[in-house]
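Place chain F on chain H using the hints.
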Amino acid sequence: MMLGKTAGGLFWMFRYLERAENTARLLEAGWHIALTRSEGDSNEWQSIITTAGMNDAYLEKYDSYDAAQVINFMLRDKDNPSSVMTAITAARNNGRLVRTALSSEVWEATNECWMVLKDLLSRPVTERAMHDILTQIRFRTSVVRGALHGTMLRNDIFAFARLGTFIERADNTARIMDVKYYVLLPSAAFVGSSIDNAQWEVILRSVSAERSYRWLSGGESGPASIANFLILDSRMPRSLAFCAKKIGENLGHLEKEYASRQESNVQVDALCHRINSQTVDTIFEDGLHEFLSSFIADNAKLAGHIEEDFRFYG
Amino acid sequence: MTNTSLHFDEMLLETDEPRNPYQTYFEWFRSEDVKALRRKSAEAENFFRRIGITFNVYGQEEADERLIPFDIVPRIIAAKEWRTLERGIEQRVRAINAFLHDIYHRQEILRAGRIPREIIAGNEAFLPEMIGVKPPGGVYTHIVGTDLVRTGEDEFYVLEDNARTPSGVSYMLENRETMLQMFPELFSQLKVRPVSAYPQLLRRSLADSCPANSPNAKPVVAVLTPGTHNSAYFEHAFLADQMGVELVESTDLRVEDGYVSMRTTQGYQPIDVLYRRVDDDYLDPLTFNPNSLLGVPGIMDVYRAGNITIANAPGTGIADDKALYSYMPDIVEFYTGERAILKNVPTWRCSEPDSLKYVLDNLADLVVKEVHGSGGYGMLVGPAASKKEIAAFEKKLRARPANYIAQPTLSLSTVPILTKAGLAPRHVDLRPFVLVSPNRVDITPGGLTRVALKKGSLVVNSSQGGGTKDTWVLGD
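Heads up: the protein sequence lines correspond to chains H and F, in order.
Letter by letter, the first sequence follows residues 1 to 314 of the UniProt record's numbering.
Letter by letter, the second sequence follows residues 1 to 476 of the UniProt record's numbering.
Excised from the complex, chain H in its bound form (with noise of 0.2 Å):
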């Protein structure tokens, strides 16, 4: 048994996490790309904002997709819901109100996380500290994941920590592929031109799959395996397939342990049949924007399910 509030807390501690890590790599991609390309395209920076849903706030502020002002909205802008700063301090909000449910190493490390960067991310980010500023991004949240492995029972509170993560996760990589799926439709696909090589490339990046993929693909690209690879492939850590997998575990779990099911197990249920029923074929016959955007919704109406079958709110 947990409070309600404590469940909610532990989802949007780790949901925050999950952003924080997840606007780090994006920036981590798109500032790689930026480097290694020769014409000075700045359409990379304005798919971050895209891709992080802050087109409208990030326009009210600027009015062109310069480098270091996205990086610094990216990281840092304390009116951006997604700035790592602000999900960091979100997440520590959270472990706060939920402290009671959290072991100390893991409050530690969210803490220790949040003092890092809130010092790192003082003052306005230059190109040359961004490789260690995302190292650190990188390394403190995964501090905090390994003391949640290592020293969390495995029930409720774990659940709730984990639904958290993966709804957050799932979204984010719908959203990635969803920015740039034109260019995987075949349709548009000059092959071999280095723009879409490129392309690519950023959106393996963005979820850290470049090295896996080519592992899985023996080296060969393209986008139908790329797409299959980030929707269908259950082996990787990021695909929805993946995602919706863990979420369905999760939700089992807790209808194991409470002994009742509910709407979210019976939502979560269908999502994941609705994915595996699929092959790539099938998903670009039907629109892979459309299969996107209704991926998009499904899991942010699961969300709102768990939301209320658990009580998170008064």
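Check each hint, because a few of them may be wrong.
Below, computed lysine-lysine pairings styled on DSS-like, alpha-carbon distance capped at 30 Å [stated by the list, open to error]:
(1) F:K454 - F:K387
(2) F:K218 - H:K256
(3) F:K40 - H:K118
(4) F:K357 - F:K420
(5) F:K35 - F:K80
(6) F:K357 - F:K191
Covered stretches of chain H (in silico footprint by chain F; criterion: 3 or more residues with CB under 8 Å from a CB of chain F, positions within the stretch not fixed) [stated by the list, open to error]:
(7) 89-100
(8) 244-253
Hints are computed from structural coordinates only; laboratory data are not their basis.
A quick note: this is a predicted structure, and the numbers were derived from the prediction, not measured.
Heads up, the beta-carbon is just placed ideally off N, CA and C, and yes, glycines get one too.
The following block gives chain F in isolation, referenced to the frame of chain H:
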């Protein structure tokens, strides 16, 4: 450091030899390098930051989480000294509970004329809503933090009884944890009595006061906090965590079927014992402050029906009210039939014309406190105040004399702290923590030693430049 001060130093004799309880420590200290110890001190600070043992300062937006400075020189109390304190505290706490029961029932002490009626009748800390209410288990103050000061070898005074919601116990526990990590060798040389049982004792003594007709198989205990913005939030979370009970806020609670219940992932669960860290006034908007968002509407009805234990009981503030303080020796005698073991600081009640005259004539030598104040605010420390400050205070005092009491400036004992130049004496007080259940009183050997870090200062409050020390009670 040379002990030429007029104050009693707990570590050093006038000959600069260590007093008995400090002998081993002093030897050890002399063999240590001050610089290395200073580094340890910085380490301790990092440790506190990492675990988040910070307090929020009201009214400060950005840098709103601060550490209470920690000094790494322990305050050491001999076994024999502690035994006296223990007996004195237990006597006082039992008397306070007997007094609270009496004052909310038959009021024998008023009938006997030992306390003037008007002190109770006109007192905001007295809650008429509690008249005739019987707290489950009969305990009023489950948790007490008695503030003591020392002025000499065997001279201890009670400064305040803190019978409402004493705070600081998390510092007692974390300070010890830090010292164990930093100086394990000292603990193997000295028999320091452990304090770590406190959270389990707290849980047990709360559970022991569970209502008789609880709907739960085992007592369900929860800690009620005003929320993450409260200055003591860390402590609330810490205690709930250490006890293994839920930490709730008002938004988690509602009154349902005659019980106070918390919203869980599986529905509403009745609570038996609520260790509340919310003041009386905010506890129930239907009974007290109607604007309170921190309490539970209807909890007082549940309480009166005997279906929940509130710790501490509402209305205990009357026992640590400063207007009543000067009557404490009478209270102890009245209910225990014994003389008070611990001394009270001589107190002038400014409501009495003769006392007021004396206080006005001697403002520069006295400490004048507001009857209802706390945290070291709104008080005058005569010897440390400027003429202007004294004049300003005099005006306030003349306008509302009944609002003040005055006490002589005590020559508080000192314990050295570690400074750049080595040891330097600073004034300290001591807050031991006491747990009361229906059948026993537990006093944790140790407590929170607060220390005024500024040279010569007598104000130990953390909100005004005070720090803390670990407190070692030695075993036999």
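| Unsatisfied constraints (hint numbers, rising) | 4, 5, 6 and 8
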